[in-house]
Amino acid sequence: MLLPGALVTFMLILFALGLVLFLAFRGNDGSLLGAGFTVANFATVVSDPLYWTVTLRSLVIAALVTLATVVTAYPVAYYLAFHAGRRRGLLLFLVTLPFWTSYLLRVFAWKIVLAYNGVLNSALIESGIWSEPTLAFLNTPAAVVVTLAHAYAPFAILPIYVALDTIPKSLIEAASDLGARPFTSFRRVVLPISMPGVLAAALVVFVPTVGDYVTPALVGGPASTMIGTLIQAEFGKANDWPFGAALSVAVMLVILCVVLVARFTDRRFGSRT
Amino acid sequence: MSGGRTEGGGRWLGVYVVAYLVFLYLPVLLIPLFSFNNSIQAAFPLQGFTLQWYATLFGNSALSGALLNSLVIGAIAATGATICGITVSYMDLYGRSPLAATISAIARLPILIPGVIVGISLLILINLIGLGPSRIAIVLGHILVALPTTVVIMRSRFAAIPKTIREAALDLGASDWTTFRRVMLPLSLPAIVSAFMLAFLISFDEFIVVFFLAGTEPTLPLYIWSQLRFPKSLPTVMALGTSILAVSFIIAATAEILRHRGLSAPAPRPADPSQPKQTERGELQWHST
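Residue numbers (full-length UniProt numbering), protein chains in the order written: chain A, 1 to 273; chain B, 1 to 289.
The shape of chain A in the complex, shown without the other chains (with noise of 0.2 Å):
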């Protein structure tokens, strides 16, 4: 019975993030593994003022999505785990249900909203409260972050629920029996627990969010430019596999250190309380 999971495991992830290690390690002669033993790709991402900018840029955007999509979506998961009775089922339909619409259709749904000629525009035309249309919407690293947020919202919700859900009755009625107040019954007992929900929905939210380049490329114009945007480029356009495999590197050097920030302070949140 592990034979399917191992060949998928071994082969599609660990061999193949292999390759891009290795790759990040060749110099670029248009061969599929390139030629040689180098570290000048990695030399031209550290130098490179860009690729400073860019990183830095992309882990802002991600960390206000991941922000803008856990708080939103927590007091939904709240509400789904004690709250909606027999309205539950219905509404975790309804909050999955984004699930099935394309990702890039929500992307998209964005792009004619904010564009110039657009919905939001011509309706604070219609609605007499612009005068004429603005640019200021479309090609902004706000842009962004409002579409990734939207993109992503349903992915929070479930982590948390699921989490909250598991959550015995008895352990907040315990915690009221010994005169708890609901709020410190909620910060002292259904949070802490929660938080394991709270970090895998952070991660499912800031992982993706972070290496995205449709988004930037629909709705962001030149200056919010992100990490994933400029990999594909080299990946692309630009051909140069070595270089976009180092750059995929770094990328994951900076998510195991964010994991690892995140994995500390979930662990001395859970401990103190």
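Calculated directly from the structure, the hints in this document are not laboratory data. Owing to the predicted nature of the structure, the values given are computational and were not obtained by experimental measurement. Any given hint could turn out to be false.
Which bits of chain B does chain A cover? Going by a derived footprint, with three or more residues having C-beta under 8 Å, they are [to be verified]:
#1 20-31
#2 46-59
#3 216-226
Anything over 10 Å on all C-beta distances counts as not near chain A; from chain B, calculated [said to hold, decoys possible]:
#4 A62
#5 A75
#6 A107
#7 P114
#8 L125
#9 A169
#10 D205
Even glycine gets a Cβ: it sits at the ideal position worked out from N, Cα and C.
We have chain A; now place chain B onto it with these hints.
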């Protein structure tokens, strides 16, 4: 109906949830709205009702080819990802081998890898083994992308089945395989269905990885992407998007009904006095008759 303990707080939360759902749905619902609008621009005021954009969908061979590709790739990739998810998580929980635990941990690793890196790593791999960008490459990519989801769903489901049930089967003389097939699989059927559905929609929806792996035969998201650069085809994309939304809604509703039917093999849950038990029972009886 709701909780009972903190009635007022629940009501405010309810209002918040409604506002959240509006935010979640409003931008997406603009696509159907403007797909019926008699204008090439998505802007107010509306210019009148038309079905002409839907007419452009028919007889479009590039579009129907992409649709067929997406359906076939989604079905195969979801099957593969579900089988891997079941076996990996089951062996992780009950196999008691360090290898099984390692595989399970690696299988959930793609959650921590951005899609663009999964895409380029598979692009290098498929070129190395001589496969090249193709539909098989996309299937492999989508198994990988959906794997963390299926493993997480199946693992939590298997873990939720009380250990005593499995031990009872083993005590009564069932072999490991029989226990798996006759006890654990039926008990986790709803999770298997939902894992398959989620895996299918992940594949059907997937753009970031497929962008690197597709050869000459695009999937539906790639077709949409190729149309986005032409402002003239904007209404057609909206008509296509609306159709996808409608089909998705039907599939999702079907999945929901299936999931409830699966629950007639009772999933053990902690007794919860605040839950109206009869409703759930009644619903289940309705489905099983």
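These are the hints, each one checked on the structure:
no. : hint    : verdict
1   : 20-31   : holds (count 9)
2   : 46-59   : violated (count 0)
3   : 216-226 : holds (count 4)
4   : A62     : holds, 17 Å
5   : A75     : holds, 15 Å
6   : A107    : violated, 5 Å
7   : P114    : violated, 2 Å
8   : L125    : violated, 4 Å
9   : A169    : holds, 17 Å
10  : D205    : violated, 5 Å
Violated hints, listed in ascending order, are 2, 6, 7, 8 and 10; each of the other numbered hints is respected by the structure.
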